[in-house]
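Once you've looked at the hints, dock chain U against the given chain H.
Number of protein chains: 2
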Amino acid sequence: MLENILIKTTYNKEGASIMAKEKQFVEAITSMDQDFSQWYTDVVKKAELIDYSSVKGCMVIKPYGYAIWELIQKQLDKRFKDTDHENVYMPMFIPESLLQKEKDHVEGFAPEVAWVTHGGSEKLAERLCIRPTSETLFCEHYANIIQSYRDLPKLYNQWCSVVRWEKTTRPFLRSSEFLWQEGHTAHATADEAQAETIKMLDVYAEFCANVLAIPMVKGRKTEKEKFAGAKATYTIEALMHDGKALQSGTTHNFGDGFAKAFDIQYTDTDNTLKYVHQTSWGMSTRLIGAVIMVHGDDSGLVLPPAIAPIEVMIIPIMQKKEGVLEKAEELRKRLAISHRVKVDTSDKSPGWKFSEYEMKGVPVRVEIGPKDMEKNQCVLVRRDTREKLIVSLDELEVSVENLLSQMQQDLLDKATKHRDAHTTTAVTMEDFASQLKATPGFVKAMWCGETACEEAIKEVTGASSRCMPFEQEELAETCICCNKPAKEMVYWGKAY
Amino acid sequence: MLENILIKTTYNKEGASIMAKEKQFVEAITSMDQDFSQWYTDVVKKAELIDYSSVKGCMVIKPYGYAIWELIQKQLDKRFKDTDHENVYMPMFIPESLLQKEKDHVEGFAPEVAWVTHGGSEKLAERLCIRPTSETLFCEHYANIIQSYRDLPKLYNQWCSVVRWEKTTRPFLRSSEFLWQEGHTAHATADEAQAETIKMLDVYAEFCANVLAIPMVKGRKTEKEKFAGAKATYTIEALMHDGKALQSGTTHNFGDGFAKAFDIQYTDTDNTLKYVHQTSWGMSTRLIGAVIMVHGDDSGLVLPPAIAPIEVMIIPIMQKKEGVLEKAEELRKRLAISHRVKVDTSDKSPGWKFSEYEMKGVPVRVEIGPKDMEKNQCVLVRRDTREKLIVSLDELEVSVENLLSQMQQDLLDKATKHRDAHTTTAVTMEDFASQLKATPGFVKAMWCGETACEEAIKEVTGASSRCMPFEQEELAETCICCNKPAKEMVYWGKAY
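Note that the protein sequences, when read in sequence, are chains H and U. Each residue of the first sequence is one higher than the one before, counting from 36 in the numbering used here. Each residue of the second sequence is one higher than the one before, counting from 36 in the numbering used here.
With the rest of the complex left out, here is chain H:
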C-alpha cells in the first residue's frame, strides 16, 4: 500500500533525490489497515491538528486544526442565521440548584460535571458546575424574557466550550472540554417545536453532505439513547472508514418538560397562560474527527475543499532558478482571488513538501518549475486520487476551480459508496453477528421497541442502536432478538 503511494506520486528530478527522506516522513504514520486507532492518533499529531496538554483529557487545538474549525463555524453559522437564529452568550457556570430543576437532566449530567467550589480563597455558598450543556441557563433566561405570544419563537444559538468529565478521551472524539454550538429554542406550540427539531436535523445533514462531504443517516434515537430530559432525540449518524458509527449531531424536542420545571409561560392570543415548547441541538469539534476518519488515507488527512484552510498549495520546483519564485507568486495572486492558496518557498525539497501537504490533506497542489514555465504550463495534483493533470497556465483558474469542485463531489460519492457497501441487513441474530464481522458497518434489523432487547443485542454483538431511520423498511415482521412483533427498523453499529 505504502509502495503504491510512493510510486503514484510524481516527482521531478530534484524531488526524486529526497525519496528516502519522504518515505521516512510517510512511514512515520501507522497504516489504517494495521491499526486504525493508532493511524488516527498519528494523523491528528502529524497533520498538526492538536497537541496534548498537562490538563487531563483536554487538548490544544493548533492553528491548522483551529482553521478547519473556523471554516466549519463560518458555514454552519451562516445556515443558522439564514434560518433566523440569533447568537447569544450565556454564563459558563450553572449553580447546583439550577442544574437540579429538571430531574432527568440532572441525573444524566451530574455524574460528569466539573464543580467549582472556591472563588479566590473563599469557599462558595453554593457550588457551581461548568456547563456540560446549557439547557438550564437558557430556561432561566427564557423564563425572564418570555411573557407574551409576541415574544415567540425565540431562536437562539451559542458558540462556546463545554466540559464533561470523561474517563477515557480521544482528540476531537471525546475530550473533557470541547468546542461546540448549542441551539436553544422556545415555541408557542408542540407542532412548531417538532418542526424546528426536524428542520435543524436537516440543516445538519445538508451541511455534513455539502461541506464535510459526509453522508448521514437521519433518524430518531431510542428511549435508552435519548438526551437526558428530552421527549425525543434525533441524530445524524456517519460511518467511519473502519466501519464504526459516529454520532455527529443531535436535535432534541423537549416538549413542555423544561417549561414546566422552569415555569416558562406566555400569555396566548386567547389571553390564557400556556407553557412554551422547547428544542435544543448541537454539533461540535467531533466533526473534525469524522472528517479524518471518513476521508483520510495512509498518507494522512484528506480535506474536502470547503473546509481546507489551504485549498491550493503551490510548490516551486528548482526554486533557485531565475523566475521560478516570481512565477509561483504570480500564480498565487491569480488563484487567491477565489481560493485559499499559499506558496511554500522554504528550503525543504519539493518531495518533502509534497509529503507534508499530503499529510495535511491540502486538496490540490500546483507544481511549477523552469520546464513548466518554458511550456507555459503547470502540474496539478489532486490529494485524494493523486491524479496528475498538466494544464496550460492560461487556463489555471478554471482548471483549479473544476478540480476542487470535482474533488468535493467525489469525496461525498466515495463516502456514500463506502457507507452503502458497509450497510447490511439481518433477520436473525446469527446473521447479525456474522454480517457485522464480515462487513463491519451498519446493520439494519427489526426491533420490538423494548430496551431489554436493545441491551441484549449490544451484549451479544457489541453493536448499539444508532437510530430508527426516517426511511423505514419492513425487513421482517418480528424483532430480531425476541421474535415478538417488530415496531421499528433500526440501524445498529459499533460506535465511537
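By construction, these hints were calculated from the structure, which means they are not laboratory data. Values in this document were obtained by computation on a predicted structure and should not be read as measured data.
Okay, the calculated bits of chain H under chain U, using three or more residues with CB under 8 Å as the criterion:
1. 89-95
2. 121-134
3. 149-159
4. 169-176
Beta-carbon label-pair distances, calculated as ranges:
5. U/GLY484 - H/ARG209: 48 to 58 Å
6. U/CYS195 - H/ARG209: 17 to 27 Å
7. H/ARG209 - U/GLU436: 42 to 52 Å
8. U/CYS195 - H/ALA63: 25 to 35 Å
Ideal placement from N, C-alpha and C gives every residue a C-beta, glycine not left out.
Just chain U now, kept in the frame of chain H:
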C-alpha cells in the same frame, strides 16, 4: 434636554399621536447628567444588550449585544490575520502547579481565580483553576513545540472566555466571566518581542479609532499598574463621557521571564541554546462598555456604523396604505447589497419605532410613506445629530452611504474634541485637584517615577496613573507630588 429631543424628532401625522407613549419609553432611562451610572445600566438593559443571570457577576449577552461583539471580533480578527497571527484554542483549565510556575504571575492572579476541585463525584488529585488569562498554558505549549530558530516567531491568538472572581461587577466593564481575545507570541530576540508589543498596541489603537470611533491615548503603564509577570505593559486609554478613563486594551512584553520559568529554549543559528522572548495582548467585551459611554446620549445607545448590527432601519409610515410595505421592502433590497438593513413592519406606531431604534443606536433610519412615494423621496434621519435629510429615491444608495461614513467620521471627531477638552495640565497638587473637579477627565502632570508619589496622588485626588504617553511633554522639571526631579509626564484620571 428631553423636550429638545422630542421636538427635534420629526413625526408624520400618525407618529404624532403616540408622542405620549414614546415619551414614556424615552423617559424610562435616567438622564446622563442626573446619574451617569444609572444611565449606563438603563441603556444596557433597554437597548437589549444584556440580561442578568442568577450566577454571581455573570451576564447573559443578548442577541443585539452579541451581534455587536461579532462585528468587533470579525474586524479585529482580520487585523490579527493580516499581521500573520494564527488562532488556536487552549484548555480552559490550569493545574495549580502550572499557575505557580511564574512567581509574580501567580501572586497577581491567584486571589481572583475560580477553583475546580471535583470532577463528577470524585475529588481531583490537583485543583484546577479556570483561566483568568492563559500565559501559563501557552508557555507550556511553547516549551513543547519550540526547538529551533526555524520555529520562531510563534504568533498565536485565541478567542475565549476567562474568569476573574470580582467582588463588584458591572455589565461589560467588570464581570466575573468575560469574552476576549488573548494574543501570545514567542520571538527569538528581545527587539522582536518589543516590536510586537508596540505593533499590536498600534493595531488596537487604529481599530478603536477607525471601527469604534474612539480616540486612544497610547502609553506605558507604571510599575504599579503593569501586568503580573510582565517586564513592561502598554495600554490604550479612552475617556468616557463622564470624564472617567477606561483602560481599553493592553499589550505586555515579558522579556524572557516566562521563558526561564517554563524553560522555553531554542537552538539558534549559532547552535547555542537561547531563551525566547514573549508578549501577550488582550481586548475584551469591555470595548462595548466604552462604545456606550463614549457615544451614547439621553435617548440611548449611539453606534458607529462599523459595529452596528443594523446600520439602516426602514420604518414604513401609514404602512396599511397600498404599496407602502412593498416600497419599504424594495428599498431594503437595494440597500442590503452593501449594508445591514431591516424593515420594521410590526404593528407598533412609527413614533414608537423611532424611539426604539434610537435606544438601540441604529445609525440611520429611513422613513417612507405614501406622501414620500408620491414625490419619489424618503426621509433619512441620523442617530447622532438627528439631522433630517429628504432625498430622492434615485439617489438612495449614495445618500445612505455618505451619511454612514460621515457619521462614522463625525463620531470620532466629536469624541476626540471631548477628550481634548477634558484633558488638562497641572503643575501643583492644588491645580491637579481643582482641574479634575472643574473639568473631569485626564490630567497631565509630571512624576518622579516613585510608587510612593503615585499612591499619594491617588490618595489625594482619586486619580490613578493611566499611562506614560509615548508623546511626552515637559510641563515642569519636578514631580508634582514630591518636587524631586521629574522623569515622566503621566496621564492621570479616575478610572473604571
